[in-house]
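Protein sequences appear in the order of chains A and B. Heads up: the first sequence is residues 36 to 419, going by this note's numbering. Heads up: the second sequence is residues 22 to 265, going by this note's numbering.
FYI, nobody ran anything at the bench for these hints, they're computed from the structure. There could be a bad hint or two in this list.
As the list claims (entries may be wrong) - Residues on chain B that point at chain A, a partial pick, calculated with CB under 10 Å:
| # | residue |
| --- | --- |
| 1 | K116 |
| 2 | S133 |
| 3 | F147 |
Said to hold, decoys possible - Pairs of lysine to any residue residues, derived as SDA-like cross-links and limited to a Cα-Cα distance of at most 25 Å, are as follows:
| # | chain 1 | residue 1 | chain 2 | residue 2 |
| --- | --- | --- | --- | --- |
| 4 | A | K321 | B | E178 |
| 5 | B | K52 | A | M413 |
| 6 | B | K52 | A | A415 |
| 7 | A | K321 | B | H174 |
| 8 | B | K175 | A | D38 |
| 9 | A | K271 | A | K334 |
| 10 | A | K321 | B | D252 |
| 11 | B | K154 | A | S117 |
| 12 | B | K110 | A | L337 |
| 13 | A | K334 | A | A415 |
| 14 | B | K175 | A | M314 |
| 15 | A | K334 | B | H174 |
| 16 | B | K52 | B | A109 |
| 17 | A | K242 | A | S117 |
| 18 | A | K321 | B | L135 |
| 19 | A | K154 | A | S43 |
| 20 | B | K175 | B | E226 |
| 21 | A | K195 | A | K242 |
| 22 | B | K175 | A | T320 |
| 23 | B | K175 | A | Q252 |
| 24 | B | K152 | A | S43 |
| 25 | B | K110 | B | L135 |
| 26 | B | K152 | A | E332 |
| 27 | B | K175 | B | A114 |
| 28 | A | K321 | B | S177 |
| 29 | B | K152 | A | D231 |
| 30 | A | K154 | A | T320 |
| 31 | A | K334 | B | E178 |
| 32 | A | K334 | B | N153 |
Said to hold, decoys possible - Cβ pair distances, simulated, as ranges:
| # | chain 1 | residue 1 | chain 2 | residue 2 | range |
| --- | --- | --- | --- | --- | --- |
| 33 | A | L337 | B | P151 | 58 to 64 Å |
| 34 | A | M314 | B | D170 | 36 to 42 Å |
| 35 | A | L366 | B | P151 | 50 to 56 Å |
| 36 | B | P76 | A | L302 | 53 to 59 Å |
| 37 | B | S257 | A | S411 | 39 to 45 Å |
| 38 | B | K152 | A | A357 | 48 to 54 Å |
| 39 | A | D368 | B | K152 | 28 to 34 Å |
Positions of the beta carbon are idealized from the N, C-alpha and C atoms, including for glycine.
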Amino acid sequence: MFDLIIRSLTQRKMRTGLTIFGIALGIFAVVVMGGMSEHSNLTFDRSMKLTAEMIRVMPDTSLGGSLDDSKVKEVRRVPGVSDAYGLLMMPLDQENLAMGFGGDMVVGIAPEKQRVALKDTKLTDGRLLVEGDGNRAVIGSSIAREFKLKVGDELEVKSKRLQRATSITHVRNFTVVGILEYTGSFYDSMVTIPLDTAQKFYEQEKKVSVVLAYAEQDADPEDLSKRIELSVDNVKTISPGELRKQVEGQLVIFSLITVSAAVLAALIGGLSVMNTMLMSVSERTKEFGILKALGAERKDILFMTMGEAALMGIIGGIFGIAIGGTLVYYLNDILASKGTALFDITPRLVVVALLFATILGMVCGTYPAYRATRMSPMEALRYE
Amino acid sequence: MSNNENNGKQPKNDEPILRIMNLRKTYMQGKIPVRALDGVSFDVKKGEFLSIVGPSGSGKSTLLSMIGLLDKPTEGSVFIDGVEISRAKESEAPKVRREKIGFVFQHFNLLSTLSAMENVDIAMRFTGVPKNKRRERAFELLTRVGLGDRVNHKPSELSGGQQQRVSIARALANNPAIILADEPTGAVDTKTREVIVELLRGLSERGQTIIVVTHDMDVAQRTDRIITMRDGMIASDISSGEKK
Numbered sequence: 036m037f038d039l040i041i042r043s044l045t046q047r048k049m050r051t052g053l054t055i056f057g058i059a060l061g062i063f064a065v066v067v068m069g070g071m072s073e074h075s076n077l078t079f080d081r082s083m084k085l086t087a088e089m090i091r092v093m094p095d096t097s098l099g100g101s102l103d104d105s106k107v108k109e110v111r112r113v114p115g116v117s118d119a120y121g122l123l124m125m126p127l128d129q130e131n132l133a134m135g136f137g138g139d140m141v142v143g144i145a146p147e148k149q150r151v152a153l154k155d156t157k158l159t160d161g162r163l164l165v166e167g168d169g170n171r172a173v174i175g176s177s178i179a180r181e182f183k184l185k186v187g188d189e190l191e192v193k194s195k196r197l198q199r200a201t202s203i204t205h206v207r208n209f210t211v212v213g214i215l216e217y218t219g220s221f222y223d224s225m226v227t228i229p230l231d232t233a234q235k236f237y238e239q240e241k242k243v244s245v246v247l248a249y250a251e252q253d254a255d256p257e258d259l260s261k262r263i264e265l266s267v268d269n270v271k272t273i274s275p276g277e278l279r280k281q282v283e284g285q286l287v288i289f290s291l292i293t294v295s296a297a298v299l300a301a302l303i304g305g306l307s308v309m310n311t312m313l314m315s316v317s318e319r320t321k322e323f324g325i326l327k328a329l330g331a332e333r334k335d336i337l338f339m340t341m342g343e344a345a346l347m348g349i350i351g352g353i354f355g356i357a358i359g360g361t362l363v364y365y366l367n368d369i370l371a372s373k374g375t376a377l378f379d380i381t382p383r384l385v386v387v388a389l390l391f392a393t394i395l396g397m398v399c400g401t402y403p404a405y406r407a408t409r410m411s412p413m414e415a416l417r418y419e
Numbered sequence: 022m023s024n025n026e027n028n029g030k031q032p033k034n035d036e037p038i039l040r041i042m043n044l045r046k047t048y049m050q051g052k053i054p055v056r057a058l059d060g061v062s063f064d065v066k067k068g069e070f071l072s073i074v075g076p077s078g079s080g081k082s083t084l085l086s087m088i089g090l091l092d093k094p095t096e097g098s099v100f101i102d103g104v105e106i107s108r109a110k111e112s113e114a115p116k117v118r119r120e121k122i123g124f125v126f127q128h129f130n131l132l133s134t135l136s137a138m139e140n141v142d143i144a145m146r147f148t149g150v151p152k153n154k155r156r157e158r159a160f161e162l163l164t165r166v167g168l169g170d171r172v173n174h175k176p177s178e179l180s181g182g183q184q185q186r187v188s189i190a191r192a193l194a195n196n197p198a199i200i201l202a203d204e205p206t207g208a209v210d211t212k213t214r215e216v217i218v219e220l221l222r223g224l225s226e227r228g229q230t231i232i233v234v235t236h237d238m239d240v241a242q243r244t245d246r247i248i249t250m251r252d253g254m255i256a257s258d259i260s261s262g263e264k265k
């Protein structure tokens with residue numbers, strides 16, 4: 036039967052080609068959009084793994100702002116806290132204030148805390164910050180690629196300071212002393228400099244953006260998070276659980292938007308399969324009549340028509356994945372030179388896209404196949 | 022290969038292979054009922070070469086489709102090999118069609134995308150015959166109808182007579198109890214008509230039961246028995262011995 040399916044598809048090359056192209060376009064959208072969604076999910080997962088046990092302590096204002104250095108000591112004194120340290124975080128590009136996912140950041144950290152903060156992240160070259168490092172920096176893998184930096188090279192960092200109505204930009208060169216391995220997390224877009232240098236450079240004396248606290252082994256981070264909030268004045272905390280919930284919420288919305296757009300595109304591809312199959316069934320009315328007269332059963336006709344639809348789905352799916360994968364590969368390559376990545380084609384995504392294409396083809400081929408099986412052989416044979 | 026085929030002539034026994042009993046078929050033309058068949062009864066013996074003749078609208082093609090299970094009678098019964106096939110459920114009809122009936126159509130009804138070999142082969146696919154056996158049998162049948170050198174030709178590369186011979190080979194593929202031929206010479210020239218009729222006669226002489234619906238009295242005269250239909254009824258039923 037499979038040879039008959041192939042023959043039927045190859046017999047109408049143009050129509051089959053266009054239908055496969057329709058499915059391929061839909062699956063291409065699924066791959067690209069899904070790849071975007073997968074990338075953000077993976078980045079989030081990797082980032083969470085690196086910072087899973089940290090409790091974030093921030094100023095208790097909705098406007099952000101900074102915390103006084105003294106808060107670090109206060110947090111450290113809360114029972115159940117094993118360690119705490121402050122970070123001063125600033126966008127690397129002061130003209131384009133896009134912090135968070137994808138945005139490059141300068142992070143001021145006490146050199147002795149850098150090992151703790153980085154967990155088991157390794158260096159590909161150089162060393163971590165040490166006491167007494169002034170204008171020295173450890174950079175993430177994306178920063179190194181974006182600015183084509185090696186250990187010993189200089190990275191220009193700008194700070195913007197407001198003076199009355201104008202702002203003055205200060206520039207300072209930092210010598211790269213270490214480059215971190217690729218982690219797939221926000222660490223890749225980080226320039227780490229000594230905290231005291233950062234505070235002076237950004238004129239944030241004795242200030243930190245966030246305090247990161249670690250719970251003792253037997254302490255529950257969620258409880259401890261609440262305890263810190265009650266014990267230290269004017270701070271709010273985000274426990275690892277809360278952070279996961281917040282980010283996951285945003286990721287779900289992002290995934291919903293991207294996946295919906297992709298599914299819509301794929302459904303349009305599916306409609307083209309249905310159209311093709313309906314035309315094919317109506318053109319082959321007589322052929323089905325002959326097959327029935329020869330003793331073909333409903334399941335044989337169903338198998339043939341649905342097999343054709345499914346095969347077009349599978350081929351369209353493979354093409355869609357291949358085209359999507361190639362585009363994503365080149366886009367990631369271009370984006371890598373800017374220090375970021377936007378897509379991740381995971382095996383899960385490939386399997387989902389291929390299954391989706393096959394099922395889409397089959398579902399859209401069901402109605403035409405049903406029509407083909409419903410025909411009376413007598414009427415079908417008379418059909419011209 | 023089958024019960025129906027032998028290499029030489031064989032005596033035809035008296036056990037009917039086909040029995041039609043009081044067959045009626047009424048179609049609705051809008052709100053008006055039209056009687057296409059009105060109480061048709063007859064028996065066909067194994068190996069008989071029978072023709073059904075009659076003017077257009079006399080019910081001969083309707084009768085053929087009832088025997089071939091392409092349509093259901095309103096009343097009456099059709100028995101093949103003693104089994105009432107007119108009562109077969111829709112799901113059982115394909116099995117009866119592929120095991121008991123072989124169709125030959127006026128316009129051949131070959132699948133244009135398939136070669137002669139594949140057109141014969143396809144009839145055996147639905148009975149689950151293994152591929153190598155199918156090929157072997159298709160080749161044998163095509164050779165028997167004189168197309169052993171045309172097996173890989175598509176219908177468009179064959180003449181009308183050759184196409185009809187492929188269609189006869191296809192009808193024989195599953196060793197059916199009966200071959201139903203609807204105007205098998207209706208779309209071919211006189212010379213080819215002779216070839217087709219001789220071919221069918223030869224098959225009949227080997228024990229194959231053949232029922233031919235035809236307008237062509239020359240063809241009918243060459244069969245063992247002629248049933249003439251008029252207004253959905255049998256007007257006459259003459260066997261070769263009685264023919265003038």
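message = Name the hints, by number, that the structure is in violation of.
response = 9, 10, 11, 15, 16, 19, 20, 23, 25, 27, 29, 30, 31, 33, 37, 38 and 39
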